[in-house]
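> Residues per chain are reported as follows:
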Amino acid sequence: MVKNTRKALHTGKYKSINNPVPVLVKEDKAGFPIKIGLPEGHVVTAIEDHWRIDDEWWRSKPVSRIYYDVHLDSGQQMMLYRDLITGRWYRQLY
Amino acid sequence: MKILCVLLPHFSLCCEILRRPSFAEQPVLVTYTTDSKKLVLDYSPELDGLQQDMPLQHALSRYNNVSLISADIPYYRSTFTKLLDALEGISPLIEGDESRNIFISLEGLQLIFPDYRTIMNAVLDIIPNIFKPQIGLACNKLLAYLAALSCPQGGYRILTDNTAAFLKDLPCDVLPISIKSRQRLRDFGLYTLSQLSALPPGPLLSQFGMEGKKLYNLARGRDDTPLIPRIMTRAINGNAALPSVTTSLEVILAELESLLAKVFINISRLGLGIYRVDIWTRSWSAAHWERTIRFKEPVIDIKSVTKRIKRLLEDYPQQGPVEHVGFRITRLGYPRGRQGNLLPKVRAQDQLMEDIRQLELRLGNPQVYKAQEMEPWSRIPERRYILVNTNR
Numbered sequence: 001m002v003k004n005t006r007k008a009l010h011t012g013k014y015k016s017i018n019n020p021v022p023v024l025v026k027e028d029k030a031g032f033p034i035k036i037g038l039p040e041g042h043v044v045t046a047i048e049d050h051w052r053i054d055d056e057w058w059r060s061k062p063v064s065r066i067y068y069d070v071h072l073d074s075g076q077q078m079m080l081y082r083d084l085i086t087g088r089w090y091r092q093l094y
Numbered sequence: 001m002k003i004l005c006v007l008l009p010h011f012s013l014c015c016e017i018l019r020r021p022s023f024a025e026q027p028v029l030v031t032y033t034t035d036s037k038k039l040v041l042d043y044s045p046e047l048d049g050l051q052q053d054m055p056l057q058h059a060l061s062r063y064n065n066v067s068l069i070s071a072d073i074p075y076y077r078s079t080f081t082k083l084l085d086a087l088e089g090i091s092p093l094i095e096g097d098e099s100r101n102i103f104i105s106l107e108g109l110q111l112i113f114p115d116y117r118t119i120m121n122a123v124l125d126i127i128p129n130i131f132k133p134q135i136g137l138a139c140n141k142l143l144a145y146l147a148a149l150s151c152p153q154g155g156y157r158i159l160t161d162n163t164a165a166f167l168k169d170l171p172c173d174v175l176p177i178s179i180k181s182r183q184r185l186r187d188f189g190l191y192t193l194s195q196l197s198a199l200p201p202g203p204l205l206s207q208f209g210m211e212g213k214k215l216y217n218l219a220r221g222r223d224d225t226p227l228i229p230r231i232m233t234r235a236i237n238g239n240a241a242l243p244s245v246t247t248s249l250e251v252i253l254a255e256l257e258s259l260l261a262k263v264f265i266n267i268s269r270l271g272l273g274i275y276r277v278d279i280w281t282r283s284w285s286a287a288h289w290e291r292t293i294r295f296k297e298p299v300i301d302i303k304s305v306t307k308r309i310k311r312l313l314e315d316y317p318q319q320g321p322v323e324h325v326g327f328r329i330t331r332l333g334y335p336r337g338r339q340g341n342l343l344p345k346v347r348a349q350d351q352l353m354e355d356i357r358q359l360e361l362r363l364g365n366p367q368v369y370k371a372q373e374m375e376p377w378s379r380i381p382e383r384r385y386i387l388v389n390t391n392r
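Chains as they are written, first to last, in the numbering used here: chain L, 1 to 94; chain C, 1 to 392.
No more than 35 Å apart at the CA atoms, straight line, and that leaves these computed lysine-lysine pairs for DSBU-like:
no., chain 1, residue 1, chain 2, residue 2
1, C, 2, C, 180
2, L, 61, C, 310
3, C, 37, C, 307
4, C, 307, C, 262
5, C, 370, L, 15
6, C, 2, C, 213
7, L, 61, C, 262
8, C, 307, L, 15
9, C, 38, L, 61
With the C-beta cut set under 8 Å, the calculated list includes, among others, these residues of chain C facing chain L:
no., residue
10, 258
11, 369
12, 371
13, 379
14, 381
15, 382
16, 385
17, 386
18, 388
Since the hints were made in silico from the structure, they are not lab data.
The beta-carbon is built from N, C-alpha and C at its ideal position, and this holds for glycine as well.
Modelling step: build the complete structure from the supplied sequences, incorporating the hints.
Listed below in structure tokens is the structure:
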């Protein structure tokens, strides 16, 4: 890992677009999403695609995610990802 | 007139120790990069045989078990400025040079400080002990510097009389002369100041030209170099860490533009423009890059500044992926006069900007943003585009 440069981060100078939005997701044993938006929510009818990204592994906060392109029972298509560092789920367009 | 000289040996290293005290207990090399060469800026005093600006490779061939720190030039500069600010409490006439030597004029301070010892103690109280300052007091800058050089670290030396005896055994290398003249003195077999002061002015003038006269006086402890007090300048600083390390000039430029936009909003209200701005970056390997932009006329629009910054970034490549950028505006001034824009279409754009500015003034925080590409190729979606303030 790269040594910390001891500088405070000031990343609030501008706004990012397409920030991830936290969502509640129920997973199956394999870790795939089966239901989104608890307690009622929508059931995942199909996972069209999934892929993993690993980036910035040299920094103190690495990025490691699995994205899922899913279809819901409402007919909606949604892009989700699971943060492999924290285990939390987010909704984000890829 | 009495002048006090404060030398701060191993200043850069002391700044690092101030920030992280554990460096005091281990051998450390402070390095910097210039033209892709890694050089030594400072080193722990126990590492004998090293010197400033020597290649890092040579230093490591002597001592391989040392901790390496990349120099943080803005931090050293701000620490030095803070020291000068504090010392201004003693005398308003203070000069700080590039080598981190400080000269203080003691003219007119007799009523505040009855004796020299009181002044010395006041100076030692202001400078943190970690810097182990060497302080010299004499009647001119050269003698004060030499007195400081010859005293132990954390101590002081007052040179009031018998300067000839003090100077006679000092080597010629201590004189502030050109490297060429220093080499020629050695070629002539002149190694000490007593050898040099024994010579009449004629031969020195014929061999060294105008510098010969200077040598003649310096060897006798005569130095008429004036103390040039620093002029208080209002500096505006800004810096920001990039969300991720990048080699893209567009991202660096966008961040600098965003930082400078805020400055321009404030200074344009006062009718001021920018004469000089220092741009710096810090790469993820902690290498420091810095360049200065000077303008003939004070610049009042951000476009002219970003144009120059862009050219600078293209002409002087970064030393690695950048993770931190910043600027320092040190000279502001009033523009002499400006011809208003006569083209209506261009003015329409100005009018829009003015409307946005008015809206923000009325409602507070920035209300209208412009979407800008940051890293459109990034695998992390939120890094691809950013919203920047349109009010620039």
